[in-house]
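Participant: Here's the letter readout for the chains.
4 protein chains.
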Amino acid sequence: MRVGFIGLGNMGAPMVANLLKAGLAVIVFDINPAAVAAAVAGGAVAAGSAKDVAAQSGLVLTTLPSPRHVKQVYLAEDGILAGAGKDTVLVDCSTIDPQTARELVSAAAANGRQMVDAPISGGTLGAQAGTLTFMVGAEADLFARIEPVLKHMGKNIIHCGGPGSGQVVKICNNLLLAISMTGTSEVMALGARLGVDPKVLASAINTSSGRCFSSDTMNPWPGVSPNAPASHGYAPGGTAEIMLKDINLAVDAAREVKQPVMLGAASQQLYQMLIARGWGEKDLSAIIQLYRDQ
Amino acid sequence: MRVGFIGLGNMGAPMVANLLKAGLAVIVFDINPAAVAAAVAGGAVAAGSAKDVAAQSGLVLTTLPSPRHVKQVYLAEDGILAGAGKDTVLVDCSTIDPQTARELVSAAAANGRQMVDAPISGGTLGAQAGTLTFMVGAEADLFARIEPVLKHMGKNIIHCGGPGSGQVVKICNNLLLAISMTGTSEVMALGARLGVDPKVLASAINTSSGRCFSSDTMNPWPGVSPNAPASHGYAPGGTAEIMLKDINLAVDAAREVKQPVMLGAASQQLYQMLIARGWGEKDLSAIIQLYRDQ
Amino acid sequence: MRVGFIGLGNMGAPMVANLLKAGLAVIVFDINPAAVAAAVAGGAVAAGSAKDVAAQSGLVLTTLPSPRHVKQVYLAEDGILAGAGKDTVLVDCSTIDPQTARELVSAAAANGRQMVDAPISGGTLGAQAGTLTFMVGAEADLFARIEPVLKHMGKNIIHCGGPGSGQVVKICNNLLLAISMTGTSEVMALGARLGVDPKVLASAINTSSGRCFSSDTMNPWPGVSPNAPASHGYAPGGTAEIMLKDINLAVDAAREVKQPVMLGAASQQLYQMLIARGWGEKDLSAIIQLYRDQ
Amino acid sequence: MRVGFIGLGNMGAPMVANLLKAGLAVIVFDINPAAVAAAVAGGAVAAGSAKDVAAQSGLVLTTLPSPRHVKQVYLAEDGILAGAGKDTVLVDCSTIDPQTARELVSAAAANGRQMVDAPISGGTLGAQAGTLTFMVGAEADLFARIEPVLKHMGKNIIHCGGPGSGQVVKICNNLLLAISMTGTSEVMALGARLGVDPKVLASAINTSSGRCFSSDTMNPWPGVSPNAPASHGYAPGGTAEIMLKDINLAVDAAREVKQPVMLGAASQQLYQMLIARGWGEKDLSAIIQLYRDQ
Chain A
1271 MRVGFIGLGN MGAPMVANLL KAGLAVIVFD INPAAVAAAV AGGAVAAGSA
1321 KDVAAQSGLV LTTLPSPRHV KQVYLAEDGI LAGAGKDTVL VDCSTIDPQT
1371 ARELVSAAAA NGRQMVDAPI SGGTLGAQAG TLTFMVGAEA DLFARIEPVL
1421 KHMGKNIIHC GGPGSGQVVK ICNNLLLAIS MTGTSEVMAL GARLGVDPKV
1471 LASAINTSSG RCFSSDTMNP WPGVSPNAPA SHGYAPGGTA EIMLKDINLA
1521 VDAAREVKQP VMLGAASQQL YQMLIARGWG EKDLSAIIQL YRDQ
Chain B
1271 MRVGFIGLGN MGAPMVANLL KAGLAVIVFD INPAAVAAAV AGGAVAAGSA
1321 KDVAAQSGLV LTTLPSPRHV KQVYLAEDGI LAGAGKDTVL VDCSTIDPQT
1371 ARELVSAAAA NGRQMVDAPI SGGTLGAQAG TLTFMVGAEA DLFARIEPVL
1421 KHMGKNIIHC GGPGSGQVVK ICNNLLLAIS MTGTSEVMAL GARLGVDPKV
1471 LASAINTSSG RCFSSDTMNP WPGVSPNAPA SHGYAPGGTA EIMLKDINLA
1521 VDAAREVKQP VMLGAASQQL YQMLIARGWG EKDLSAIIQL YRDQ
Chain C
1271 MRVGFIGLGN MGAPMVANLL KAGLAVIVFD INPAAVAAAV AGGAVAAGSA
1321 KDVAAQSGLV LTTLPSPRHV KQVYLAEDGI LAGAGKDTVL VDCSTIDPQT
1371 ARELVSAAAA NGRQMVDAPI SGGTLGAQAG TLTFMVGAEA DLFARIEPVL
1421 KHMGKNIIHC GGPGSGQVVK ICNNLLLAIS MTGTSEVMAL GARLGVDPKV
1471 LASAINTSSG RCFSSDTMNP WPGVSPNAPA SHGYAPGGTA EIMLKDINLA
1521 VDAAREVKQP VMLGAASQQL YQMLIARGWG EKDLSAIIQL YRDQ
Chain D
1271 MRVGFIGLGN MGAPMVANLL KAGLAVIVFD INPAAVAAAV AGGAVAAGSA
1321 KDVAAQSGLV LTTLPSPRHV KQVYLAEDGI LAGAGKDTVL VDCSTIDPQT
1371 ARELVSAAAA NGRQMVDAPI SGGTLGAQAG TLTFMVGAEA DLFARIEPVL
1421 KHMGKNIIHC GGPGSGQVVK ICNNLLLAIS MTGTSEVMAL GARLGVDPKV
1471 LASAINTSSG RCFSSDTMNP WPGVSPNAPA SHGYAPGGTA EIMLKDINLA
1521 VDAAREVKQP VMLGAASQQL YQMLIARGWG EKDLSAIIQL YRDQ
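Chains as they are written, first to last, in our numbering: chain A, 1271 to 1564; chain B, 1271 to 1564; chain C, 1271 to 1564; chain D, 1271 to 1564.
Keep in mind that the hints were calculated from the coordinates and are not lab data.
Incorrect hints may appear among the rest.
[Claimed, not checked] Capping the alpha-carbon separation at 20 Å, the derived lysine to any residue pairs in SDA-like fashion look like this:
(1) Lys1528(B) / Ser1336(D)
(2) Lys1515(D) / Pro1492(B)
(3) Lys1425(A) / Ser1473(B)
(4) Lys1291(D) / His1422(D)
(5) Lys1469(A) / His1429(B)
(6) Lys1528(A) / Asn1518(C)
(7) Lys1528(B) / Val1315(D)
(8) Lys1515(C) / Gln1326(A)
(9) Lys1469(C) / His1422(D)
(10) Lys1528(D) / Lys1528(B)
(11) Lys1421(A) / Leu1395(A)
(12) Lys1421(B) / Ala1292(B)
(13) Lys1469(C) / Asn1426(D)
(14) Lys1528(A) / Lys1469(C)
(15) Lys1469(A) / Asn1518(B)
(16) Lys1528(C) / Asp1467(D)
(17) Lys1515(C) / Glu1526(A)
(18) Lys1528(B) / Glu1511(D)
(19) Lys1291(D) / Gly1400(D)
(20) Lys1528(C) / Pro1335(A)
(21) Lys1321(A) / Leu1395(A)
[Unchecked claim] Some chain D residues judged to face chain B by a derived CB distance under 7 Å, without partners named:
(22) Pro1492
(23) Ser1495
(24) Asn1497
(25) Lys1528
(26) Ala1535
(27) Met1543
(28) Ala1546
Even glycine gets a Cβ: it sits at the ideal position worked out from N, Cα and C.
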């Protein structure tokens, strides 16, 4: 089976490399010719459009920046649905809102095609190492068919439920990340101001009930987690801009179902404030600057 | 060496039991005669006042409900400082504000006595099992002297730095717990409303960047963490009232040093709202009711 | 000159009545035949489509529920732009986001047509009494041309600046209304809980620095403002649902320009919480229930 | 009747001047000799202590910076209660928490003395012009006795109810001021960023439902209210520090009665953030810097 891949950005490019390394034939398309050339140099075959990729592939993967791009690539005249055969499975790995994800699955079904939402987490490092997490929304049989392919690129392939549920899990997780990163920043800055060594503070929290990924793995105070962005000038990792994009998806999805998200909305505005001060391209853990830069 | 113990409540009583089990001689005092009688029935010796306890002990432990009580027990005419000998070490395990903790250490030093702040976490279950965490603020030599005694009651004895730092670490940890419990409640309720199975949602978060103690150990959605209060009608554990008391200590300490705590203050008000609705004596994870009870 | 009017809802119907009362010829369209019949009974002439209205009118007014409807009515094949003559002025009185408003003005200009945004405030009572406020975004000469017509329906015709500025002013005003209504609710409930008579409290605030429209005209505590919805079972006035719709427009517009709105976002979530509890069709001042219903 | 006055700061000094201008005999005390000398130069008589002031006066006024100072001046050995005769009325014009105010009224009553809480608003300009607002908590007959004296210093003498209610009204009003000033700052900054002239925006809001003291009298955008601090480099007026002190009193009083204040707590943290950036001595309207200084 040949695998199609559309969207060769920071995430897509290393994912293609891992598919090739696993011995799969990969057909690629991107609007950026340089990205295509690099993939071809690595062993992929180029196609002329998303439609062409779909026409030649048993499974098509997409990693695209926004709902607008995803709609365009799937629904346009030279898009995926126009080219995909009856048995081709479509897997969108972009992070988009659950409503759009479900609309696309329905549009695909109306065309007789099977589509899956499978957003990823793990960042560019995870993409390169093949240790990504995939959060998959799909019927059980469909999940079983795509899991072996995703295994070449990821370590955790989580079946989240039916169509759209991959996106729901992704935005819920990322909203909680935003809240706990902001909260960790508050208490690290508070503890330091009250005279406690940040390394000792983090170490105590990490064996107690405040423990979280943002305290024990990606601590926002410089020098606490040696490999974290905070210890390297807040070079991303995931940028504050992308964090805000994900928060916005979650807050908007909550609005659709009339669900309040008080801390989520507060984090949203704090990231907005951080970005307004020019920190948008830094790592999301730079949110601690709001509590230190005074 | 005999150990004195003042404050035989839900935490103090099982801590005394563990000291006795370790073969130590324990002298106790509490204003509640029934609590004293229970300790004596377990092998402790009763004294007539805090002063008497201190006069007969090489090390005195206190677990009391508020800064006011702690001041009273240490500073009153029949209090600890009036009775303690030169070599007696004083260890306050209550959770109070760092400023009061430091004032008491200074008051003890002015009397030629050595005092330590060592607030605990782990709840009544941890107190019974002897698996508490102690967060200790003390000079290094003093820490070395008390650590062996604390080991009889706890698993993690963390040296947080000089006087007051145990309290700082405690309130920082608990503020982060409040924030992440509230945040976890928001996203669990959001994900469920968007159609995802809460168990699947929690399981995905727990291997991702949203992972925290409140998602993987004390999840607020019923049935997700089988042993958590949420799975048992929100029977506490730590009550919402006590959570709010700890948040208040942290927000007030932040105020003293002019440090903003945006999410902390939002959590504070949400717990206030929960308690105003009559949930104060339920477990702190009942905060999820604000997002479900509609 | 004949005036076209599209959108004969709670606001549009009485506005048409006032135009007719002023002796103007009015041509109307609505997708709801009953609304059209009522306007015709009052003296208006019915047209078969938005395009037909525009083809026969020197000035076209629209009052529609959302950006999607506005786009549809202006841009569809049988829409306003397809019918309007070179000298016809188009005036949209709907409340929509500034970005969409500016896009429509540009689309009209590309067709050689002049369009104005003129959202209104004052509610159905103001629409009936002809005392609405119009917040108009238009070049100065265009403003001068439409002002006399708007005067038949409103008391304050405010020139807010160029295209889109009417919408900006509307959403800024309404966001501040949401914040001050929520804030007034907090302090009215707090003062009452602390034992002060709400009428006395409001009266003192209304001559002091806390004074605002929500305290002195539409006070949320029952009985304080005799004519306010709070004194009549929170019968709207403007509903909580519409308040939230306007808050959402403002928070989204802020997001577009990376501007933080901390209190705006908190009010947004509190209205979400109110609506989730089933109060969406009550007056916006019912937000005080979050502080009383415990 | 002679009037005693204790506390000759920015507010007290001009209040004494207005009492003297009205022909009253005034006996003063302050711990700052220069303040006493200035009052004496204006015609007042100096006493040696608070007790001495009380012993010679039929009515004693106090304006002091904090609950701690008020307690000291009333309850100390050389304090007011030690000196006041049976018929002397005590009027505390300081802003303190309602609980302390009520405790002091009870302490006075236990000594057979009548005490009133009468906090003021209007700032130093109002104190000089004799146009202050007094918010008075007192029984009706006592209010009638003191009103004529307060009239020499203020324009609005509001009877808020029984003991403590003056403080409740004061902190409720000031909390709402904090919220509406912060909210006005958000929307002024948002409107400007979206391209609307701030003067036009304010003018439209001031005839609409967003209207408040902070928009129409003390607008935070420079140049909108010509006499406001914002138009004079944010020279205070009331400082951000004092605003935060008042917010803290209100949020703490709310905590005592388990009343949530979501926007109040958010404003509290935003003022904390402003002060942490070094703006504490500027006018409270400088909160807009959080939305502009980026």
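Participant: Now, for every hint given, state plainly whether the structure supports it.
Facilitator: We went through each hint and held it up to the structure:
no.: 1; hint: Lys1528(B) / Ser1336(D); in the structure: holds, 18 Å
no.: 2; hint: Lys1515(D) / Pro1492(B); in the structure: violated, 42 Å
no.: 3; hint: Lys1425(A) / Ser1473(B); in the structure: holds, 15 Å
no.: 4; hint: Lys1291(D) / His1422(D); in the structure: holds, 9 Å
no.: 5; hint: Lys1469(A) / His1429(B); in the structure: holds, 12 Å
no.: 6; hint: Lys1528(A) / Asn1518(C); in the structure: holds, 12 Å
no.: 7; hint: Lys1528(B) / Val1315(D); in the structure: violated, 41 Å
no.: 8; hint: Lys1515(C) / Gln1326(A); in the structure: violated, 46 Å
no.: 9; hint: Lys1469(C) / His1422(D); in the structure: violated, 26 Å
no.: 10; hint: Lys1528(D) / Lys1528(B); in the structure: violated, 24 Å
no.: 11; hint: Lys1421(A) / Leu1395(A); in the structure: holds, 16 Å
no.: 12; hint: Lys1421(B) / Ala1292(B); in the structure: holds, 10 Å
no.: 13; hint: Lys1469(C) / Asn1426(D); in the structure: holds, 16 Å
no.: 14; hint: Lys1528(A) / Lys1469(C); in the structure: violated, 34 Å
no.: 15; hint: Lys1469(A) / Asn1518(B); in the structure: violated, 24 Å
no.: 16; hint: Lys1528(C) / Asp1467(D); in the structure: holds, 19 Å
no.: 17; hint: Lys1515(C) / Glu1526(A); in the structure: holds, 11 Å
no.: 18; hint: Lys1528(B) / Glu1511(D); in the structure: holds, 11 Å
no.: 19; hint: Lys1291(D) / Gly1400(D); in the structure: holds, 11 Å
no.: 20; hint: Lys1528(C) / Pro1335(A); in the structure: holds, 19 Å
no.: 21; hint: Lys1321(A) / Leu1395(A); in the structure: violated, 30 Å
no.: 22; hint: Pro1492; in the structure: violated, 25 Å
no.: 23; hint: Ser1495; in the structure: violated, 28 Å
no.: 24; hint: Asn1497; in the structure: violated, 30 Å
no.: 25; hint: Lys1528; in the structure: holds, 5 Å
no.: 26; hint: Ala1535; in the structure: holds, 4 Å
no.: 27; hint: Met1543; in the structure: holds, 4 Å
no.: 28; hint: Ala1546; in the structure: holds, 5 Å
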